[in-house]
Each structure stands twice: as structure tokens, then as C-alpha cells.
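Read top to bottom, the protein sequences are chains A and B.
Each residue of the first sequence is one higher than the one before, counting from 1 in our numbering.
Each residue of the second sequence is one higher than the one before, counting from 336 in our numbering.
Just so you know, these hints were derived from the structure itself, not from any lab.
Note that this is a predicted model, so its numbers are computed, not measured.
Note that CB positions come from ideal geometry on N, CA and C, so glycine has one too.
Any given hint might turn out to be false.
Claimed, not checked - Residues from chain B that face chain A, not an exhaustive set, calculated with beta carbons under 10 Å: (1) T627; (2) L666; (3) L669.
2 protein chains.
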Amino acid sequence: MKLISPGLRERNKNRVNIHNKKIVPYPEVLAAQKVISGKVHRTPVVRSDYLGKLTHTKLYFKLELFQKTGSFKPRGVLNKLHHLSSEDRKKGVVSISAGNHAQALAWVATQLDISSTIVMPAGSLLSKIEATRSYGGEVILTEDNLLETCLAVQKERDLILIHPFDDPKIIAGQGTIGIEILEDVPDVDVVIVGIGGGGLISGIAMALKEQKPELKVIGVEPEGASAMSQSLQHGEPVHLDRVDTIADGLAAPFAGQYTLAHVQVYVDDIVIVSDLEIVEAMKLILERCKVTAEPAAASTLAALLSSNISMTQGATVLCVLSGGNIDQKSLKSLL
Amino acid sequence: MKLISPGLRERNKNRVNIHNKKIVPYPEVLAAQKVISGKVHRTPVVRSDYLGKLTHTKLYFKLELFQKTGSFKPRGVLNKLHHLSSEDRKKGVVSISAGNHAQALAWVATQLDISSTIVMPAGSLLSKIEATRSYGGEVILTEDNLLETCLAVQKERDLILIHPFDDPKIIAGQGTIGIEILEDVPDVDVVIVGIGGGGLISGIAMALKEQKPELKVIGVEPEGASAMSQSLQHGEPVHLDRVDTIADGLAAPFAGQYTLAHVQVYVDDIVIVSDLEIVEAMKLILERCKVTAEPAAASTLAALLSSNISMTQGATVLCVLSGGNIDQKSLKSLL
């Protein structure tokens, strides 16, 4: 495990990007909160004395795994679809996803009486395909390039494309988690968030830092899917030829224009974790907190356990447990 | 699966036992609430739309598995030890348990600066033995009769015996869950609770029925450990020669004088479930609610899924998830 981009914090000291067009303004998060309120759960925060002792912190978990459809994704999707014109709603929406975004899009679209089509990799878990269908989404499985297939379907059927993460309305929706974190743990010093495409951390980091700039936000990427770290190094979004991690929720093969900009401005550091470290963290969360964090979620505790995050002893830390969608077979094989 | 004691409800219609000396008066629960407040978690209630649809109910779960030490047990123990004289506190306490009560007693005693000794079966799970020790309890392992060994230790060391369930202060402490249930789900029609020795259901059923007599309380026992059902049939507490169930939290080989009296007066029915049904319910809770219910806790959903509980379609039902103490190996083998 290693620490990436230790210079991020330095850059953040001179934040000047408030007029950067790729940065979502904080009031958008407040607006999103009004949109989604009552339609999704306001998820609880719990404290773990045992894991706090183990990591020399006052440790909290945001249990976003209790969210509707089992992950944070409906927050952004609800905000996005809410702002579609009635004409666009009639056309229906299309997107790509291997799991959590697929379920969230299908669920939200059905709530709003919008038809949804989701292009998923042929190798997706049957449980996620079935869940997406059960929420009312049409699933198209492909072995070809996901995005290209999606764009072809979109053109052919004249659908509205919903990007899974690189969209201001999606980012604003995920940012509502940042508001809730500060309501529940106002003295939080460090917030740790997993990074796939970066939509979740973009929203959370922006919402947190605009309220409490001295707070630290740490991102986590798996060794085998570090698109954001690599994008930071290159100064532009990179596409990975392949990804390889058990954390399917963090396996996006590319970062976005918006999400890279948010990470550049608002995120202090990114920690890289191995699949083995993620599994160990998952087991600890299962045994000590009695909740099933999917690997993407458990990566946050893995980062904390790695001791690669510099912080004061006894700091107040919150790990975002972003989702709990792991099927029994996978769980059994990981235990 | 079969329904036991359908006549219970009839008997309850003529409740006259309010002056029965074996029944804990409801004000004792209110007093216990004051004692334990701030020392244990006030655990949350969640709703499951999916499992509600599956069972044609409006379905809630009381997540007592988030309680300190991983089960409801500290509520009763805190109330019991709080009322010990300073002389008795100095002597130290002793009890028997294969798991959850052991951990709770060790944890509470250490909080109150009381020494604790717990006699556990030699075959107890290593994880539970270690947890009990980590909370500060002295563990004595025995292959002989648990209660007899405990009484010998008590005499030899002049300790104060704490019964794991058949004690008015313990029952009053567990009853605080009943208060919280009605605060969170005031329109609840049916509450389902697992029965081991009966301390949990005694407190909950009494607290609920004294506030809302029309509510139904259903108990659940595993096929291989149905001491309470058999005690009801015999009209007095029976001791089983052997118990055989994966639900170690419900594996008490006998009912108590107090707990039998409470079940006779306040419990409407007892449903018997198989280990297979318990495991299926555990998996559903894990996959849909993202929490690890130990078998004893999952038995409540198993009873609901069995359709052996008579209720109006669409009734508001709450299953008490009493604990989450299951080690990874056991979980893996059950998945």
C-alpha cells in the first residue's frame, strides 16, 4: 500500500477554482437535498469503540449501505432525473453500469414513471442483473465496449444518456451525504471515501470542504483500478485498458472531467489498498459492526488500517460505507 | 413447523395475574430504563419493503444486534448489577452462559468495577470465550453440568449468583426494548421474539401488553430446544436432557419460574422453526437488510415466513433481531 499525490493538500491550500466550470457550486447540494428528501433514507451514523481503539481514532461509520437499493447511488440519480424535462422523461433514459448504478437508475426511473435501459457487462453478477430487472429496468448485456454499446442503443432508440458519475446533478445528489455527515458528527476531522469514477467523493468532499475547510477528505482506490490516481498524475482523465479488483463498486475504468476537477480541488490524499486489505476490513466490519459492507465500502476502513493516512492520534474519523450489495456466494468465498 | 399452544391467547383474555408474585410490575421497566439510559445504545428500527412484500406485512426490524457486546443482554445485566448492594459488589458475580450473557456480564461488571466469573461449556466458540475475557471476565470452562459447576464455584469463592434470565431485574431490563418498540412503531400489531430461557420475551411482552393490550406477541423456539413450549404444556418449567440447534442464543435447556409465568400471561403463541428455516431467514436478512443477524435473531423472520402466525394481511409486524454474534467461520459454513 502506498500514498498517492501527497501534494494534493498543498494545492488545495490555494483553492481558486470556485469559478471553475467543472466544479459544482455548493448551493446545488442544498437544492438536491430538497429534491431527494423523503424519497431516500437519511442513513444513520454509528460509532465503533473496538475499531476506534484498533486505529487510535474516534471512529464513525456512515451506514449508506442501508440506502434504498443498497447503495448511495439513488441520491444522485434522483436529483438528475428530477431535472429532466417532461419531453426527455417521455423518451426514457439509458446508462451503463455493472451493478449499483444500474439498480439505482432502474428504481428511480420506475418511481418517476420513466422507462430505463441499462447496458451491463455480460459477466455481471446474476443477482445484480436480476435486481435491476426487478426494479423495472431493461437490461442489455454486452461483451463489447460498454460505453460504445450504450451510445449505439441511445442513438437507435433516441434515449437520454445518464452518465453514472460525471454529471453535476449526480455529483450534487451524492453531496447530500456530506451535509448529513456534518449534522451527525460536527467535530469530524477526517472523512474517508472510496473512489470508482469519483462521483461520490466529488460530492461529499465539496459539500464538506465548503462548510468546514479545515476538515480532511481522503480518497481510496484499489490497486487494480486506480483511474483517479493516474488521472491526477497525468492532469487529465485517463482510461484504463483493464481493471482488476474484487471491489466492483470501485472498478470504473476511467475518471471524469468533473470528478477529476473536484478531486484536484477538494481531496487531500488518495490511499491505494490491495484486495487482501479490503477483505480483511470487510471481515472486521462484519464481525464488529454487524453490517455487510461490500468491498467498495470496506476499502475505507482498509485505508485507515493501513496507517497511510497522517492524522493526530485520537482524531475523529468517519468512513463512508457506500453500499452493501454483495451476494451470498461472493461473501462466502471471501470469508 | 407447527403452532404450539393456540390456547394461550384465550387464557390471556382473562389476565388476572397482575398480583402474581412471579410477574414483574411494569413500573420496574420504566425504572430500568432510567438505570440503563446512556449506558447502552437505544437501537434503531428499520423497515424492509422487500421482506414486507414477501410476507404481506408492513415489516420492521428492531436492530438490537447493534447493542453493546452485540446482543440485548447488557440491558438486563446493567439493571441487575445496578441494584446490588455495595457489599455484594465487592464479592463479585458469577453466572453461566455459552455466549451472549457471558459477554454482557463481563462487560457490565467491568464498567461497574465488579469482578466477574463466567462458567462456560468447554465446547463454547473460541470467539465468545475470547470476547468474554477481553471484556474483563474470568472464564471457567467445564465439561460437567454447567449450573452445578457454577454453584460449586459460587460457594467456594463466596460470589453473588446472577441468573442469566430468571430474575425480575433482568426481565425488567430486557423490557426496555418494549418501550422503544412502541415509541418507534406505535401502530405495531404483532411483535415476534425468540425464546431461549425466556428473559427477553418476558420483559418485552409484559412491557408491550401493559401499554397496548390488543397487540400480539409471538414467541419462537427452535425444534431442537423448545423448553418453553414444553414447560407450557406441563404447566411448570421443564429441563431438557439435550438441546440441538444452530441457534445457540436460544439453546437454554430449561425455562424459569418467572419467565414461564410471563409467557403464560403475556405471550399469544409460540411458533416452532427448524434450523433450515432459520438459516434461510438469516440469508434473507443478510442480503436484503445488510445486517448479520445471529441464528437466534433470524428465527423471528423464519417464524413469520412460515405463515404459521395468524394475522390480518398488511398487518404491521416487528421482528426483534436480538443479536449479531456469529463468527466468520460459522457464517461461512451457513451461507
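Hint by hint, here is what the structure shows:
1. T627: This interface hint holds because 5 Å falls under the 10 Å limit.
2. L666: holds (6 Å)
3. L669: Where the cut-off is 10 Å and the nearest Cβ of chain A is about 9 Å from L669 (chain B), the hint holds.
Consistency note: the structure conflicts with none of the earlier hints.
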